[in-house]
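There are 2 protein chains.
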Amino acid sequence: MTPSLHDHDIPASGAWRPGRPPAGRRFATVTDPTSGRPFRLEGGGTLTEVEVAYETFGEMAPDCSNAVLVCHALTGDAHVSGRSGPGQPTPGWWDALVGPGLPLDTDRWFVVCTNVLGGCQGTTGPASSEPATGRPYGSRFPVVSIRDMVRVQALLADHLGIRRWRAVVGGSMGGMQALEWATMFPDRVGSLVVASTTAAASAQQIAWSHIGRMAIQADPRFRGGDYYDAPDGDGPHRGLAVARMCAQVTYRSDEVFTERFHRTLLDRLDFTLGPLFDIEGYLDYHGLKLARRFDANSYIRLNRAMDLHDVARGRGSTEAALARISAPALVAAVRSDGLYPPIQQHVLADGIRSVGGEVTWVDIDSPHGHDGFLIETTQLSEPLRTFLEET
Amino acid sequence: MTPSLHDHDIPASGAWRPGRPPAGRRFATVTDPTSGRPFRLEGGGTLTEVEVAYETFGEMAPDCSNAVLVCHALTGDAHVSGRSGPGQPTPGWWDALVGPGLPLDTDRWFVVCTNVLGGCQGTTGPASSEPATGRPYGSRFPVVSIRDMVRVQALLADHLGIRRWRAVVGGSMGGMQALEWATMFPDRVGSLVVASTTAAASAQQIAWSHIGRMAIQADPRFRGGDYYDAPDGDGPHRGLAVARMCAQVTYRSDEVFTERFHRTLLDRLDFTLGPLFDIEGYLDYHGLKLARRFDANSYIRLNRAMDLHDVARGRGSTEAALARISAPALVAAVRSDGLYPPIQQHVLADGIRSVGGEVTWVDIDSPHGHDGFLIETTQLSEPLRTFLEET
Numbered sequence: 001m002t003p004s005l006h007d008h009d010i011p012a013s014g015a016w017r018p019g020r021p022p023a024g025r026r027f028a029t030v031t032d033p034t035s036g037r038p039f040r041l042e043g044g045g046t047l048t049e050v051e052v053a054y055e056t057f058g059e060m061a062p063d064c065s066n067a068v069l070v071c072h073a074l075t076g077d078a079h080v081s082g083r084s085g086p087g088q089p090t091p092g093w094w095d096a097l098v099g100p101g102l103p104l105d106t107d108r109w110f111v112v113c114t115n116v117l118g119g120c121q122g123t124t125g126p127a128s129s130e131p132a133t134g135r136p137y138g139s140r141f142p143v144v145s146i147r148d149m150v151r152v153q154a155l156l157a158d159h160l161g162i163r164r165w166r167a168v169v170g171g172s173m174g175g176m177q178a179l180e181w182a183t184m185f186p187d188r189v190g191s192l193v194v195a196s197t198t199a200a201a202s203a204q205q206i207a208w209s210h211i212g213r214m215a216i217q218a219d220p221r222f223r224g225g226d227y228y229d230a231p232d233g234d235g236p237h238r239g240l241a242v243a244r245m246c247a248q249v250t251y252r253s254d255e256v257f258t259e260r261f262h263r264t265l266l267d268r269l270d271f272t273l274g275p276l277f278d279i280e281g282y283l284d285y286h287g288l289k290l291a292r293r294f295d296a297n298s299y300i301r302l303n304r305a306m307d308l309h310d311v312a313r314g315r316g317s318t319e320a321a322l323a324r325i326s327a328p329a330l331v332a333a334v335r336s337d338g339l340y341p342p343i344q345q346h347v348l349a350d351g352i353r354s355v356g357g358e359v360t361w362v363d364i365d366s367p368h369g370h371d372g373f374l375i376e377t378t379q380l381s382e383p384l385r386t387f388l389e390e391t
Numbered sequence: 392m393t394p395s396l397h398d399h400d401i402p403a404s405g406a407w408r409p410g411r412p413p414a415g416r417r418f419a420t421v422t423d424p425t426s427g428r429p430f431r432l433e434g435g436g437t438l439t440e441v442e443v444a445y446e447t448f449g450e451m452a453p454d455c456s457n458a459v460l461v462c463h464a465l466t467g468d469a470h471v472s473g474r475s476g477p478g479q480p481t482p483g484w485w486d487a488l489v490g491p492g493l494p495l496d497t498d499r500w501f502v503v504c505t506n507v508l509g510g511c512q513g514t515t516g517p518a519s520s521e522p523a524t525g526r527p528y529g530s531r532f533p534v535v536s537i538r539d540m541v542r543v544q545a546l547l548a549d550h551l552g553i554r555r556w557r558a559v560v561g562g563s564m565g566g567m568q569a570l571e572w573a574t575m576f577p578d579r580v581g582s583l584v585v586a587s588t589t590a591a592a593s594a595q596q597i598a599w600s601h602i603g604r605m606a607i608q609a610d611p612r613f614r615g616g617d618y619y620d621a622p623d624g625d626g627p628h629r630g631l632a633v634a635r636m637c638a639q640v641t642y643r644s645d646e647v648f649t650e651r652f653h654r655t656l657l658d659r660l661d662f663t664l665g666p667l668f669d670i671e672g673y674l675d676y677h678g679l680k681l682a683r684r685f686d687a688n689s690y691i692r693l694n695r696a697m698d699l700h701d702v703a704r705g706r707g708s709t710e711a712a713l714a715r716i717s718a719p720a721l722v723a724a725v726r727s728d729g730l731y732p733p734i735q736q737h738v739l740a741d742g743i744r745s746v747g748g749e750v751t752w753v754d755i756d757s758p759h760g761h762d763g764f765l766i767e768t769t770q771l772s773e774p775l776r777t778f779l780e781e782t
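Heads up: the protein sequence lines correspond to chains A and B, in order.
Just so you know, we're using the numbering used here here: the first sequence kicks off at 1 and counts up by one.
Just so you know, we're using the numbering used here here: the second sequence kicks off at 392 and counts up by one.
A portion of the hints provided could be inaccurate.
As the list claims (entries may be wrong) - So the derived list for chain B, only partly shown, Cβ under 8 Å to chain A, looks like this: (1) F430; (2) E433; (3) S536; (4) L546; (5) A598; (6) D610; (7) P611; (8) G615; (9) V640; (10) F662; (11) P732.
Stated by the list, open to error - The following label-pair restraints were derived from C-beta to C-beta distances: (12) B:V746 to A:E389: 55 to 63 Å; (13) A:R335 to B:R706: 30 to 38 Å; (14) B:D661 to A:P21: 49 to 57 Å; (15) A:E259 to B:D625: 37 to 45 Å.
No lab work stands behind these hints: they were computed from the structure.
From the three backbone atoms N, C-alpha and C, an ideal C-beta is built for every residue, glycine too.
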């Protein structure tokens, strides 16, 4: 049977916390505490101190001209490439694309990946200590936007001496960041690569996001968001697991679930409430796995940041926003993606073209649904390599 | 803002209970308590007493030859047609198809609809009193199967003097019952009408079902299933609401959500955890609405019955099962259905044809997803009327 969500070896929060092994993380404080100027958020709040956890791969050229920013999706982190190990429970989430000789060739490019603002893998987020109190922010951590994430990344770029990225690259929520980069800082983005993303979150995407929040907030162990001091095993694991199970289904497809699981039983058929079927064990496994390594407060805030994502906000229209983009763009779509369906990427590509932008379109022919952008690295490899060389 | 899920006017369970207004319900006890013979379930358990709540529409012909059985889907009930009122919170779920002059013409046919075994609208289910204790079954109510539901309906048919149905009709879980009727009792089914259903639940369907169970069982107010004596407002409403919200998204489509809700705000834009968007208010509304009128224990058991649905079980193969069907069949599919995608109805129709059966195929061209079988009554009307007249 699947392990219990109250196993005592699961910390109350799966967030990385100072004192644990840093693994590949490097850290930079991008706010200046001596100036007393806090980081102002799009929503109106402030953060006194923002620290960014990031990883780099390859060597920066002396003229800083070979830097590529890769942006992670909802449950990703700065570890885009490399092994798992102490302090880093997951291997690189785009391991097949980032490395020596790979399309994002680290013999050539200096690849930077940051954990996003509001995340839980080392960058300032709800599990971080609030400077004023020395205690985790918890429920007091504000809602941040994709634009806030991007402005934090821009401060890190300043810190690293990178004035202009050779390319900004991302899928899903990472694609939202890349789009905002090209819109907010057109002169700092040489080229734009986005997969399985959208110019604005759709009603259905917001619906799933809302359901995840409801599941987490309904968990009494969520304690309104202030669960960091709870003993191990006593965090909002069940709520986060339910949210993850929903997401897991929306990330894949009926087609692959039928092929992989069909109606296979975990054990023998009995007429109980279960779990009885392999697919149930799979969902329980993924729910538990995320609860071990992620933070519920980050989960609901990053989802909210995605809901708020709309390049048109404050810019008159989508067209006006996309007209700011000067970088040539590669736009990739997975044919079986039901969560970020190809129509969204077509709208985006057509929008960029309609205002005179240059778009390279990549169809990913895959049954794997939204996760196709993480899985179909072979199909992404050549278009990505060629695009980066030619732009 | 949306009402709270802990409003004190919501009973702990939305099940109909004896003593409330019966509305259109009639009741029949289909077990014989004097014989001491309980109803034996496919899963091995027994029920000492089974009472069926049902509604009828139209007049039975003297030779009982004009009876049509309509089977309801997951959250439906016996009230297939007519208004809402005391004891009946919902109007008829197929009101546009069942009535005088309508395709299921009650001037001509005697239409019967039963609340299913394990349901919560008057037929024996988890909220019913257990004869041995006089208290609600709750957690002690067994898992029932679609075949158990059908055998209870067959006992009701005996009770009403109906040896053979002119037609057995249903969509989704109702289609599963109709299919089992034609397979278990081929000589009692004159014709078969199924919409948006499947020969066997798919992995993705089981996945959503599992997630609904997890959400309900995670609610501390679920109390392991024994919540009937909790005060009003203290039932597993949040868990049931989360389950319903998930279902609601899978029942519709990205296309209609975008058209209907887009990114419309409930009020003004603010950077909070919400709810902020219309789609969130819509989900909260539907979650709460189901919590008011349904029972969480029924919800998880009926979902489990659907998971277990596989016409092949114990019959060698799907083909061998479908070869039992002697009735001509109408099979309808909604093109935008992502939960019971048209491929499932094609597999079913092709399977029936491959063993010599007769199938009329109906494409429902609708953007409404799985709920299309409930919404697109105009598209169903003529094919249904013609099929019932000609077979």
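Quick rundown of the hints versus the structure:
Below 8 Å, beta-carbon pairs count as interface contacts, and F430 (chain B) has none with chain A, the closest being about 14 Å; its hint is therefore violated. Evaluation of the E433 (chain B) hint against chain A yields a held restraint, the C-beta minimum of about 7 Å falling below 8 Å. With a least beta-carbon distance of about 7 Å to chain A, the hint placing S536 (chain B) at the interface is held under the 8 Å criterion. The interface hint given for L546 (chain B) is broken, as the beta carbon of that residue sits about 20 Å from the closest beta carbon of chain A, more than 8 Å.
The beta carbon of A598 (chain B) is positioned within 8 Å of a beta carbon in chain A (closest approach about 5 Å), and the interface hint is therefore held. A hinted interface residue such as D610 (chain B) counts as satisfied when its beta carbon comes closer than 8 Å to some beta carbon of chain A; here the least separation is about 7 Å, so the hint holds. For P611 (chain B), the shortest C-beta to C-beta distance to chain A is roughly 6 Å, which falls under 8 Å, so the interface hint holds. Below 8 Å, beta-carbon pairs count as interface contacts, and G615 (chain B) has none with chain A, the closest being about 11 Å; its hint is therefore violated.
Interface hint status for V640 (chain B): upheld, as the beta-carbon distance to the closest one in chain A is roughly 5 Å, under 8 Å. For F662 (chain B), the interface hint holds, the least distance from its beta-carbon to any beta-carbon of chain A being 3 Å, beneath 8 Å. Of the supplied interface hints, the one on P732 (chain B) holds, with its beta-carbon coming within about 6 Å of a beta-carbon of chain A, less than 8 Å. The beta-carbon spacing between V746 (chain B) and E389 (chain A), approximately 58 Å, falls within the hinted interval of 55 to 63 Å.
Distance hint for R335 (chain A) and R706 (chain B): a CB-CB separation of about 36 Å, consistent with the stated range 30 to 38 Å. At about 39 Å, the CB distance of D661 (chain B) to P21 (chain A) disagrees with the hint of 49 to 57 Å. Checked against the hint of 37 to 45 Å, the pair E259 (chain A) and D625 (chain B) passes, with Cβ atoms roughly 44 Å apart.
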